[in-house]
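Participant: Following the hints, position chain W against chain E.
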Amino acid sequence: MKYSMSALVENKPGVLNRVVSLFRRRNFNLDSLTVGRTEIPDLSRMTILIEGTETEARKVEKCLSKLVNVVQVEHLHDKPSVMRDLALIKVKVEGDRRSEVMQLCDIFRARVVDVAEKSVIVEITGEEDKIEGFTDLLRKIGIIEMVRTGIVAMGRGEHTVSPNGYRKTAAKGSKSVL
Amino acid sequence: MKLTGAEILWECLIREGVDLVFGYPGGAILPAYDAMTKYPQIHHVLVRHEQGAAHMADGYARATGKVGVAVATSGPGATNLVTGIATAMLDSSPIVCITGQVPTSVIGSDAFQEIDITGITLPITKHNYLVTEVDEIAPTIREAFHIAKSGRPGPVLVDIPKDVQIAVTEYEPISEPAVVPSERLVTVATTDEVDRALALLEESERPLILAGHGLTLSGAEQELLEFAEKRQIPVALTLLGKGTLAEGHPLCLGMMGMHGEAHVNIAIQEADLLLAFGMRFDDRVTGDLKTYAQNSKKIHVDIDASEINKNVRVDLGIVGDLKHVIGQITERMQPAEHAEWVNLIQSWQDDRHLRDIYNADPGGKLYAAHVIRDLWKYTGGECVVVTDVGQHQMWEAQYYHHQRPRTLITSGGLGTMGFAVPASIGAKMGLKDGEVWTIVGDGGFQMTMMELATAVEQKVNVNIAIMNNSYLGMVRQWQEFFYEERYHATPMGSPDFCKLADAYRIPNMRVTRREEIPQAVEFARQQTEGPVLIEFVVEKHDIVYPMVPAGASLHNMIRRPVAGAVTEKE
Numbered sequence: 000m001k002y003s004m005s006a007l008v009e010n011k012p013g014v015l016n017r018v019v020s021l022f023r024r025r026n027f028n029l030d031s032l033t034v035g036r037t038e039i040p041d042l043s044r045m046t047i048l049i050e051g052t053e054t055e056a057r058k059v060e061k062c063l064s065k066l067v068n069v070v071q072v073e074h075l076h077d078k079p080s081v082m083r084d085l086a087l088i089k090v091k092v093e094g095d096r097r098s099e100v101m102q103l104c105d106i107f108r109a110r111v112v113d114v115a116e117k118s119v120i121v122e123i124t125g126e127e128d129k130i131e132g133f134t135d136l137l138r139k140i141g142i143i144e145m146v147r148t149g150i151v152a153m154g155r156g157e158h159t160v161s162p163n164g165y166r167k168t169a170a171k172g173s174k175s176v177l
Numbered sequence: 000m001k002l003t004g005a006e007i008l009w010e011c012l013i014r015e016g017v018d019l020v021f022g023y024p025g026g027a028i029l030p031a032y033d034a035m036t037k038y039p040q041i042h043h044v045l046v047r048h049e050q051g052a053a054h055m056a057d058g059y060a061r062a063t064g065k066v067g068v069a070v071a072t073s074g075p076g077a078t079n080l081v082t083g084i085a086t087a088m089l090d091s092s093p094i095v096c097i098t099g100q101v102p103t104s105v106i107g108s109d110a111f112q113e114i115d116i117t118g119i120t121l122p123i124t125k126h127n128y129l130v131t132e133v134d135e136i137a138p139t140i141r142e143a144f145h146i147a148k149s150g151r152p153g154p155v156l157v158d159i160p161k162d163v164q165i166a167v168t169e170y171e172p173i174s175e176p177a178v179v180p181s182e183r184l185v186t187v188a189t190t191d192e193v194d195r196a197l198a199l200l201e202e203s204e205r206p207l208i209l210a211g212h213g214l215t216l217s218g219a220e221q222e223l224l225e226f227a228e229k230r231q232i233p234v235a236l237t238l239l240g241k242g243t244l245a246e247g248h249p250l251c252l253g254m255m256g257m258h259g260e261a262h263v264n265i266a267i268q269e270a271d272l273l274l275a276f277g278m279r280f281d282d283r284v285t286g287d288l289k290t291y292a293q294n295s296k297k298i299h300v301d302i303d304a305s306e307i308n309k310n311v312r313v314d315l316g317i318v319g320d321l322k323h324v325i326g327q328i329t330e331r332m333q334p335a336e337h338a339e340w341v342n343l344i345q346s347w348q349d350d351r352h353l354r355d356i357y358n359a360d361p362g363g364k365l366y367a368a369h370v371i372r373d374l375w376k377y378t379g380g381e382c383v384v385v386t387d388v389g390q391h392q393m394w395e396a397q398y399y400h401h402q403r404p405r406t407l408i409t410s411g412g413l414g415t416m417g418f419a420v421p422a423s424i425g426a427k428m429g430l431k432d433g434e435v436w437t438i439v440g441d442g443g444f445q446m447t448m449m450e451l452a453t454a455v456e457q458k459v460n461v462n463i464a465i466m467n468n469s470y471l472g473m474v475r476q477w478q479e480f481f482y483e484e485r486y487h488a489t490p491m492g493s494p495d496f497c498k499l500a501d502a503y504r505i506p507n508m509r510v511t512r513r514e515e516i517p518q519a520v521e522f523a524r525q526q527t528e529g530p531v532l533i534e535f536v537v538e539k540h541d542i543v544y545p546m547v548p549a550g551a552s553l554h555n556m557i558r559r560p561v562a563g564a565v566t567e568k569e
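Residue numbers (numbering that gives the first Met the number 0), protein chains in the order written: chain E, 0 to 177; chain W, 0 to 569.
For reference, chain E alone in the conformation it holds in the complex (with noise of 0.2 Å):
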């Protein structure tokens, strides 16, 4: 089963590595992590999912706690919870199948973004179970390309990530966790 989390993590050089070095020295399966900047300058978001086992995910949770960047982290997938997947697909467009393609984001509300002579490039955003029916659509039709920016979550209504009232460290790093 795949279990999710988001961790707010220092924005210090090095911290994703620490992160993705726990997964690998203890074994842990990644299925995807993304980070990004929140509303507080100093603190990214992370949002991981894991494939395991309800206790393998409480080990990664307490595994990532400890490290001595991470502020906060909360399970996603015991609460109501947003999640949602980018994916721009570059999808060959031969003949009439244009209109096809059309049709399709129509009904997926994906968005034609970028129209060449023999392709067109969709967004689309939502659950993975959504951006997987369409990409299986679409793989019919022709995908020439795809990227995916991986999980964001957040939980609903009063499930939030808190930084728990966190102090900037005394060591202050670079600008990226990167």
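Don't read these hints as lab results, they were simulated from the structure.
This structure is a prediction, so every number in the text was calculated from the model and none was measured.
Misleading hints may appear alongside valid ones.
As the list claims (entries may be wrong) - Now the in silico label distances, taken between C-beta atoms and shown as ranges:
{"id": "1", "chain 1": "W", "residue 1": "190", "chain 2": "E", "residue 2": "149", "range": "37 to 47 Å"}
{"id": "2", "chain 1": "W", "residue 1": "287", "chain 2": "E", "residue 2": "149", "range": "32 to 42 Å"}
{"id": "3", "chain 1": "W", "residue 1": "350", "chain 2": "E", "residue 2": "53", "range": "42 to 52 Å"}
{"id": "4", "chain 1": "E", "residue 1": "19", "chain 2": "W", "residue 2": "204", "range": "26 to 36 Å"}
{"id": "5", "chain 1": "E", "residue 1": "81", "chain 2": "W", "residue 2": "43", "range": "51 to 61 Å"}
{"id": "6", "chain 1": "E", "residue 1": "113", "chain 2": "W", "residue 2": "288", "range": "51 to 61 Å"}
{"id": "7", "chain 1": "W", "residue 1": "175", "chain 2": "E", "residue 2": "19", "range": "31 to 41 Å"}
Here a beta-carbon is modelled for each residue, glycine too, at the ideal position from N, C-alpha and C.
Facilitator: Using the frame of chain E, we list chain W on its own:
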């Protein structure tokens, strides 16, 4: 006050209470070494190999409870620290390693003696830093010491490029404590957790405490004693838990695990409640997890949340400082007796004394177990013992009964051969007073014997006892049991250790008969300055009994034949 990065480094170390560092100079750390001359309050110990520096810092930390410091240059200097850092990591020992790095302008260019030491040590440090700006040195050192000793202690590495050491900046001492985002600030149990612990204790008729290293790191020995006595619960020790409860106390059963006493392991398998205090259910103490302690409920108290339910599923996990948590439970706990259970465990000792090599007739031979037992006897069981890894380590654990915490210093988790000689130098330099014995095999001794020069130079009064059986004994034992006695690559030749000691001008003695042991102890005690070396030429084919084969169930022990000592070979 304008200071260079190197000067700020020493200012900060002094503020953290450092007066002793173990290190080895080199190009990239030279600015720091040069600046050290302005700080006479720092005593620098020149080691002969950087691995020795890390082990000395570790030995110092384990003996004193303070943070040990090792210093090395970039590249090979830094990589030589690695085994020592990993040893400290696996045994939760607080050390801070300072390494020089090539100048920031050439980082990433494969410059001379450049290595990514923060990358290399990422999985074997609690945390590490590459300091890229001179203003960062002071806050980083502050944080590094805090991280090394707080929560579950561990090693921290600070890598400082040469240009950062040379750069000048305004220095202001930091007096506020460091803030660490991931730090757990609550270290006590909740009322609910204490309630549940009490309920489990109430239900239990056969409770057993598993006492680990965490008790010493927390300083919770008194709390353990009060808890065990109030409820009359027997205590089994892990290797690193030795010293948490005085061996000789009626409730102290001794060591558990692969080479633990049979009755202790049976007690674990038969208990109906295990109270795991500051131990981590390592495979060397559990054996096969599928058959481990199936009859018991389990309470696990540890400061590290990731240890709870890691190897063994427990019924109640309490994350907190043992000193607080045990105290909280004891306060509300009703006194009780478990005489029947304690007697039952005693009965499992049955023919132990017949199997014990200590009671066997040496028949003119010298057994390492006898040497260690006699050392215990003639030193009154009061000295600090630093061991290496292997058979002698297990015999030490079985036959040297420790009364106080921090009196057995040994590499448990990583099992690092070569640990004993440097770690004992660090321990003795930290303790200053008190008798320190280094017990080491002929194999491990030859891994780090270059530090004899350090001990002589620093006049460190350690008594080095080499158990020379001309074999890598523990490996040989495994070959005997599990590899049909193919003794491949385990017979080991050695130099004449006494002549070697002569070369270092170290007083020395060779012992070949048991009757000479008291003289050897007396000889060692007469020397009060610098090291002493005593070579004990011991039986080659002896075996550490009992033994739970790796991966076997804890109650499936190979025990020493009742007939007596060892099977005759050769």
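Participant: Run every hint past the structure and note whether it holds.
Facilitator: We went through each hint and held it up to the structure:
no.: 1; hint: W:190 x E:149: 37 to 47 Å; verdict: 42 Å, holds
no.: 2; hint: W:287 x E:149: 32 to 42 Å; verdict: 39 Å, holds
no.: 3; hint: W:350 x E:53: 42 to 52 Å; verdict: 47 Å, holds
no.: 4; hint: E:19 x W:204: 26 to 36 Å; verdict: 48 Å, violated
no.: 5; hint: E:81 x W:43: 51 to 61 Å; verdict: 58 Å, holds
no.: 6; hint: E:113 x W:288: 51 to 61 Å; verdict: 56 Å, holds
no.: 7; hint: W:175 x E:19: 31 to 41 Å; verdict: 32 Å, holds
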